[in-house]
Amino acid sequence: MKKINYLFQNIPALLLLMLCTVSHPVSAQDSTAGTSSKAVAKPVKNTFESNWIFDNQTVMVPKKGTFEMDIQHRFGTVNNGYSDLFGIYAPSNIRIGFSYVIKTNLQLGMGFCKEKLQWDANVKYAIIKQKSTGGSPVSITYFGNLVVDTRKENNFVTSTDRLSYFNQLMIARKISSKISVQAAPSLSYFNNVPGYTDSKGNILPQMNNAHFALALMGRYKIGSTTALVVNYDQPLTQHPANNPHPSICFGLEMTTSAHAFQIFAGNYNSILPQNNNMFNQNDYTQGQFLIGFNITRLWSF
Amino acid sequence: MKARISSVFFLSAVFFITIFLSAFKQAAKTPWVAPDKAEKMTNPVKSDANSLKEGKELWIKHCQSCHGKAGLGDGSKAAQLKTEPGDLSAAAFQKQSNGGLFYKISEGRSDMPSFKKKVEGDEDIWNLVNYIRTLKK
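Protein sequences, first through last, are from chains A and B. First residue of the first sequence? That's 1 in the numbering used here, and the numbers climb one at a time after it. First residue of the second sequence? That's 1001 in the numbering used here, and the numbers climb one at a time after it.
Quick caveat, the hints were computed from the structure, so don't treat them as lab data. Some hints here could point you the wrong way.
Unchecked claim - Which residues of chain B face chain A? A partial, calculated answer using Cβ under 7 Å:
hint : residue
1    : E1057
2    : I1060
3    : H1062
4    : K1116
5    : K1117
6    : K1118
7    : D1122
Backbone N, C-alpha and C fix where the C-beta goes; we use that ideal spot for every residue, glycine too.
Next comes chain A alone, as it looks inside the complex:
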């Protein structure tokens, strides 16, 4: 058990090390890089096969004119065992999302999520793309969203309390045709956070409004259309109370011409990233894992 804990504690360091140390040109290894015209540096393709790896975005922005529908589902935690079939019969969380690549490298999207009846609008922009030779050694993409909590008015003091925001910069590298890694620092911001009243009657926040976090992910292709994927999320901000737990997620990704399907086990159940990063109370050291899946369907226009 000690060994497992030691491994878990060092996952972020190992993934970050992989991303930082492998900095030589990808052309010699990347099957997408080499062609007959060797002189021209070309963007490396398929660093990831989908917009998503579990709960996080990847650097990928699909081709211009691509419309995507996402179905994301998270079951309950497995801790109740057979009584709720390892969380499958427990209350679940669902998000349905849509996105469209309106311009090369620019994707706009929206979605709605069961948890807190939240609606989100999001934007994703590929700033830099990794090149085969002589260009950028990494791809960098920005992702941001605005989320509205649409529950009844009595949950809020003012209407702006409903809003939260998420900003993330994803830095990824395709190391070889099989291995890709990504590091993504993020800032979540909630206009309204839980509070408490102290003995003098002062209302104090239990948590800060802003929360920094770091997500690390890796992909290892085991076939042309199948890959093992892993993700780790580390909270960085320390709050007065209710500090969120880090998350580990691992699973399988299968892709086709128009679909991506991921099935996995992880700790996050909120789907929307600011909720996961800020409020996750599932603790992997206590075995509080849940099963989830993502399905994406792409249409090309």
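Guided by the hints, dock chain B onto chain A, whose structure is given.
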């Protein structure tokens, strides 16, 4: 009497549906001719190990489900198609020019999507053309 009328009606329905579907099949066999300009295009991507590897990956992801692993038209989705995927290993198919294949993969027709909207660039389509040549019997 009622049963006989039902049987006649059922058989008639089967007959007309068969005629209707065969008309579709006939339409699907309409020759697909690439424009002259496309036919004359030369393949700028050398058919080397890297191109074939790329082409195979693309084939598995985008083509195999309809055309089958060896291009025989026996993919898992082939039976659902309005159009016959054909036999890509046959001499009749393989005698087409590289440019003609490039055009058809790029533009698509009926069930076959336009892959210029799905893949990153022309190079990927040429990689596919190179791989399809290896399916020849």
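Any CB of chain A closer than 7 Å to the CB of B:I1060? holds, 4 Å
Return the status of the interface hint for B:K1117: holds when the least beta-carbon distance to chain A is below 7 Å, violated otherwise. With Cβ-Cβ at 4 Å, under 7 Å, it holds.
Satisfaction of the B:D1122 interface hint, Cβ to chain A closer than 7 Å: violated, 11 Å
Under 7 Å is the threshold here; is the Cβ of B:K1118 close enough to any Cβ of chain A for the hint to stand? holds, 5 Å
Hint validity - B:K1116 Cβ closer than 7 Å to any chain A Cβ: Since chain A brings no Cβ nearer than about 9 Å to B:K1116, farther than 7 Å, the hint is violated.
Mind checking the CB of B:E1057 against every CB in chain A and telling me if the closest is under 7 Å? holds, 5 Å
Using 7 Å as the Cβ threshold, decide whether B:H1062 counts as touching chain A. This interface hint holds because 4 Å falls under the 7 Å limit.
Checked against the numbered hints given earlier, the structure breaks hints 4, 7 and satisfies all the rest.
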